[in-house]
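Colleague: Protein chains in written order, with the numbering used here: chain C, 1 to 245; chain F, 1 to 245; chain S, 1 to 245.
Mixed in with the good hints, there may be bad ones.
Only pairs whose alpha carbons sit at most 20 Å apart, straight line, appear in this in silico EDC-like list of lysine to aspartate or glutamate [to be verified]:
{"no.": "1", "chain 1": "F", "residue 1": "Lys136", "chain 2": "C", "residue 2": "Glu210"}
{"no.": "2", "chain 1": "F", "residue 1": "Lys72", "chain 2": "S", "residue 2": "Asp75"}
{"no.": "3", "chain 1": "C", "residue 1": "Lys166", "chain 2": "S", "residue 2": "Asp150"}
{"no.": "4", "chain 1": "F", "residue 1": "Lys233", "chain 2": "F", "residue 2": "Glu130"}
A few chain F residues that face chain C, going by a derived Cβ cut-off under 8 Å, partial list only [unchecked claim]:
{"no.": "5", "residue": "Ala42"}
{"no.": "6", "residue": "Asn43"}
{"no.": "7", "residue": "Asp170"}
{"no.": "8", "residue": "Asn171"}
{"no.": "9", "residue": "Met172"}
{"no.": "10", "residue": "Gln174"}
{"no.": "11", "residue": "Glu175"}
{"no.": "12", "residue": "Met176"}
{"no.": "13", "residue": "Arg178"}
{"no.": "14", "residue": "Gln180"}
{"no.": "15", "residue": "Lys233"}
The hints are simulated quantities; they were obtained by calculation from the structure and are not laboratory data. Remember, predicted model here, so these are calculated numbers, not experimental data. Built from N, CA and C at the ideal position, the CB exists for glycine as well.
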Amino acid sequence: MFTATIDAALLKDSIETLTVLVDEARFRISPEGIAVRAVDPANVAMVSFDLTPNAFDDFSASDCEIGLDLTKITDILGVAERSDKVIIELDEQSKKLSIGIGQISYTLALLDPSTIRAEPRIPQLDLAAEIVINGKDLMKSVKAAEKISDHMSLGVEGETFFIEAKGDTDNMRQEMTREQLIDLKTGDVHSLFSLDYLTDMVKPASKSNEVTLHLGSDLPLKLNFNIANGEGKIGYLLAPRIESD
Amino acid sequence: MFTATIDAALLKDSIETLTVLVDEARFRISPEGIAVRAVDPANVAMVSFDLTPNAFDDFSASDCEIGLDLTKITDILGVAERSDKVIIELDEQSKKLSIGIGQISYTLALLDPSTIRAEPRIPQLDLAAEIVINGKDLMKSVKAAEKISDHMSLGVEGETFFIEAKGDTDNMRQEMTREQLIDLKTGDVHSLFSLDYLTDMVKPASKSNEVTLHLGSDLPLKLNFNIANGEGKIGYLLAPRIESD
Amino acid sequence: MFTATIDAALLKDSIETLTVLVDEARFRISPEGIAVRAVDPANVAMVSFDLTPNAFDDFSASDCEIGLDLTKITDILGVAERSDKVIIELDEQSKKLSIGIGQISYTLALLDPSTIRAEPRIPQLDLAAEIVINGKDLMKSVKAAEKISDHMSLGVEGETFFIEAKGDTDNMRQEMTREQLIDLKTGDVHSLFSLDYLTDMVKPASKSNEVTLHLGSDLPLKLNFNIANGEGKIGYLLAPRIESD
Chain C
1 MFTATIDAAL LKDSIETLTV LVDEARFRIS PEGIAVRAVD PANVAMVSFD LTPNAFDDFS
61 ASDCEIGLDL TKITDILGVA ERSDKVIIEL DEQSKKLSIG IGQISYTLAL LDPSTIRAEP
121 RIPQLDLAAE IVINGKDLMK SVKAAEKISD HMSLGVEGET FFIEAKGDTD NMRQEMTREQ
181 LIDLKTGDVH SLFSLDYLTD MVKPASKSNE VTLHLGSDLP LKLNFNIANG EGKIGYLLAP
241 RIESD
Chain F
1 MFTATIDAAL LKDSIETLTV LVDEARFRIS PEGIAVRAVD PANVAMVSFD LTPNAFDDFS
61 ASDCEIGLDL TKITDILGVA ERSDKVIIEL DEQSKKLSIG IGQISYTLAL LDPSTIRAEP
121 RIPQLDLAAE IVINGKDLMK SVKAAEKISD HMSLGVEGET FFIEAKGDTD NMRQEMTREQ
181 LIDLKTGDVH SLFSLDYLTD MVKPASKSNE VTLHLGSDLP LKLNFNIANG EGKIGYLLAP
241 RIESD
Chain S
1 MFTATIDAAL LKDSIETLTV LVDEARFRIS PEGIAVRAVD PANVAMVSFD LTPNAFDDFS
61 ASDCEIGLDL TKITDILGVA ERSDKVIIEL DEQSKKLSIG IGQISYTLAL LDPSTIRAEP
121 RIPQLDLAAE IVINGKDLMK SVKAAEKISD HMSLGVEGET FFIEAKGDTD NMRQEMTREQ
181 LIDLKTGDVH SLFSLDYLTD MVKPASKSNE VTLHLGSDLP LKLNFNIANG EGKIGYLLAP
241 RIESD
């Protein structure tokens, strides 16, 4: 059983954090809220998604798992104004989800969860450095790196967080001290990442005032931020690229 | 003989009601105004277009018929701001139309009307139900149906106007009572229509506060609305699709 | 030696006046400012570009010449808000240019000036007519001509400046008297020009209140305007097309 009412803007922003990595997902629904754990088709990045019942105007659920086509949901939510309410209702008998937007009512077939890739195990990582940065600032840095290369380094040297991109003849570097960040726990580290993935991840993250980065040396990046006014949290994990030089 | 002055915005909006169905058209001009009757190349839809002399700042005409390339006219009107005046003058000797926009003067060759498909006879239809709806609301419903299918049903059941689209696994339905409409004359009817055509037709209709739909069962849709502050009227007729189920 | 600080908006607008004709350019830098003379790959148009030190917040230079990839510079300046300051520094040892935008620092390899086409000699021309016109008005006229043809005539007849485009069946003509212009020095002239080039040239010119056109008969067009609040000047020279009629 699952029925819920939520702001269209909040639902759109939540779904977007998943669509940057996957087209379909298993949603674990329980009285404690909604959880998704998913890995992208190339096994390079994972997302951990949690939304509490407080993110909803109404939320009533017993334990269940449903599979959803995120592309279709995103398309349908395009009908809603950001200020509309969306009413969601699960019909477990017919395996349909009904989505109401104003006077318009959609009935969508669910995907069989067993046809969707299983939930990944999120690895425990010991990452020495932690940077807390404004989401818009992070997006700006990633866009600046894209001008030079298709991958970029993130690292910490002493009291400085740095972002670096190297092309064949040109390069880009940005340094930010603790004062220019929200917080910085140092540890001399640096890792190289694909900009394809980072560009997609920082888009939803840019809507958050505080994005936390956990960094090691040649280790995955953890990128965490809250959604739904703090009633939801997103954690991305991105594998490093091997530096070729 | 034909000379006229008209607001650019009004002329652009008028021409747009024709271009959704045809690229070129015969314009019947008389002291009573301008009339066009045209059918789309696939014979699925017709438009009936009438503009009175009051839609113009100046209007002076004797009986004549001219053929116009609507794509070219639309392109040229792109030069005009919506608040500009457009001065139109017909030179019957040289078979040219001059269009003045500010200091810019265009001279366009007319098309020979006999090379343009003849005016269709608009059939008389006995359609039981009549729905009067806000144009923006109608466009929103059509866009919502597009998410699910390439055709949609329009119908009336008792006191309720409904819009329905069925896909292979998903569907969409919207119901509107008399209170949510401007007016409703009931009659249990429903017909299926191609969204290709409806999407095009509701775009100009969406600028009108009152759009009247006449519906029967497996009969064409009549979609009527005014333009030019009531000094023009548009009637679309759209053939139904045969339901395959 | 060369270091300078300049408004991002001003630098973007300056570079744009060059990119309409060339992808890379030789910049002659001296204590008197920056100068570029370039000709487009098809030898149809030239640009003469001059920026004084007063266009900069800071400017310090000894005589030098550098080659720059304008496409790359334009791409990188896309990172800057129009109100940002851009700090430029030349490292002659390593043949690199550093460009600082906020906390972001780019280091770009210079092009060897000898690999870039040599500066053209700007011909002295005796052009009888001179028209001073608002840049936006000029752009509007060029866009109106594009609807009809891919080339247009510019000319003066008596006290009237005219713009004319002729298509196979249609044509466009605009006449402007001295009162509708900023200034007009008459001389009966007219020449035909490619709209491909004019469209590109009037885009940066449209930001200037006063654009001066010098015209002869079947002679090149000189199109001059100021940039950087009068601290820079741009001169385009465009070869005429031979009229085929």
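Colleague: Each hint: holds or not?
Modeller: For each hint, the structure was consulted:
no. : hint                     : in the structure
1   : Lys136(F) with Glu210(C) : violated, 39 Å
2   : Lys72(F) with Asp75(S)   : violated, 36 Å
3   : Lys166(C) with Asp150(S) : violated, 43 Å
4   : Lys233(F) with Glu130(F) : holds, 17 Å
5   : Ala42                    : violated, 27 Å
6   : Asn43                    : violated, 32 Å
7   : Asp170                   : holds, 5 Å
8   : Asn171                   : holds, 5 Å
9   : Met172                   : holds, 5 Å
10  : Gln174                   : holds, 5 Å
11  : Glu175                   : holds, 7 Å
12  : Met176                   : holds, 6 Å
13  : Arg178                   : violated, 13 Å
14  : Gln180                   : holds, 7 Å
15  : Lys233                   : violated, 28 Å
Hints 1, 2, 3, 5, 6, 13, 15 from the list above are not met by this structure, while the remaining hints are.
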